[in-house]
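> Here my numbering is used: the first residue of the sequence shown is 21, the next is one more, and so on.
Hints may be right or wrong, so weigh each one.
Ranges between beta-carbon positions, derived for each pair [said to hold, decoys possible]:
| id | residue 1 | residue 2 | range |
| --- | --- | --- | --- |
| 1 | Ala104 | His185 | 16 to 24 Å |
| 2 | Ala104 | Arg197 | 26 to 34 Å |
| 3 | Phe392 | Pro79 | 46 to 54 Å |
No lab work stands behind these hints: they were computed from the structure.
Virtual Cβ for every residue (Gly too), placed ideally from N, Cα, C.
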Amino acid sequence: MTRTGQVRLIQRTTSNDLMALATESAVAPMQVAAILVVDRLITVSALRVALAERILAIPRLRQRLQRAPFGCGRPVWIDDANFAMDRHVDALACPAPGTEDALLAVAATAATRPLPRDHPLWSLTLVTGLEGEKNAAILVIHHVLADGIGGLAALALLIDGAPAHHKIPFPTPPPTRRELFADATTTRIRALGHLPAGIRLALDAVAELRGGKVGRLARCTLNQPTGSRRQLAVARTDMAGMAAVAHARGATINDVLLTAVAGSLAAVLRQRGESAETLVLSVPVSSRGEKVSTALGNHVGAMLVRVSTRGEPIPRLQEIACTTRVRRQAVGRGASAILLAPAFRMLRMGLFRWLVDRQRLVTTFVTNLSGFPSPLTLLGAVITDIIPITAITGNVTVGFAALSYAGTFAVTVVADPERCPDLPFLVSELQNQLTDLTADRGYASTSARPVPEVFTHE
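Turn these sequences into a full structure, and let the hints guide you.
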């Protein structure tokens, strides 16, 4: 309770937030990123001045995590009394000749450099020296701070044209031990009242993750323990083409993406002399309601999609569309988050990382974000490209992050170069798959209706 007699709002980590922390390892932080390429030079000093004002719209970007004392519940978000913009925003020169490949290498390093836990978990690096006198800004956010949609919401508030926000008292004092204990006790009592619903939710969670037919995968080189290094590559296609083939085949844009990903991974396995009839793609599904549609934090459920690697792209697209249509009816409430509690117990016993490094449930992670239909600006410079970057961990050696921006659909492939040395071949095959799929418009009947898009995120 504050001096004015008001009850203090204590902001704690959620189960999904804690899982983001539990999933990472010392060499592979769970950090996501976005590269914003702008069409002219901007300065780091101007960027710091602008963000100092715009960051007021996102209080979480000035907060850090603090562990609660024993018996006082989960970690809490508190204002960082030592917050300094200079600590979070810096600049560096891209190695010559400043190509996209060079920029991607810089971004891979930035995205995998662990963010200091004693300060807000984000950074922004201005990259100079790009071809065509361009600059790029690399925004890195820890997954505990935001999922994919939350990250986009933060990005939308940092660019030009974001609504102004009034200053709020900062920093505010952290909650006392007594307040933390009282809040934790109230939460535990409330949880007992929700126990019957929690049991039903747990049963739903098992059904979500199993999907009825998703079992252990055959062993393949796509699943091996990963190291600390990451390599990035990007495939692009026309957003209108993605929408057209999805509409013509009664599918979603996400179904088209999953089809292309499955086809490219199957080609990689064939080149490696391996064979896998099916793969399992983990697709995060938003459980956000309207009230949290632009909030930071993690609001996700998992949808596991078993896909065939056999056949031509269009028949596979139709099969995947049928599968996801059924799965979406059972997934989306975020019930799978209830299974995090057993994961935390395994973590305390030292078993969780062992299991993550050896799991045979998921082949890869595929994230698809609905971005911005029109070009944006940053300090008056037009953002010509946005490249999303996801995180991989455990024994998932390659992951995919897609984002639509200003008519372009970009898919970033994130790989461990030690485990996936054939990344150039993989991204080439992904590009071929996207090209083949978007070249087909099908022959939809006049009564066909487009499937409502369900955009998924990390």
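> All the hints need checking, so say for each whether the structure fits it.
Taking the hints in turn, this is what the structure says about them:
no.: 1; hint: Ala104 <-> His185: 16 to 24 Å; in the structure: holds (20 Å)
no.: 2; hint: Ala104 <-> Arg197: 26 to 34 Å; in the structure: holds (28 Å)
no.: 3; hint: Phe392 <-> Pro79: 46 to 54 Å; in the structure: violated (23 Å)
Hint compliance for this structure: hint 3 is the single one not met.
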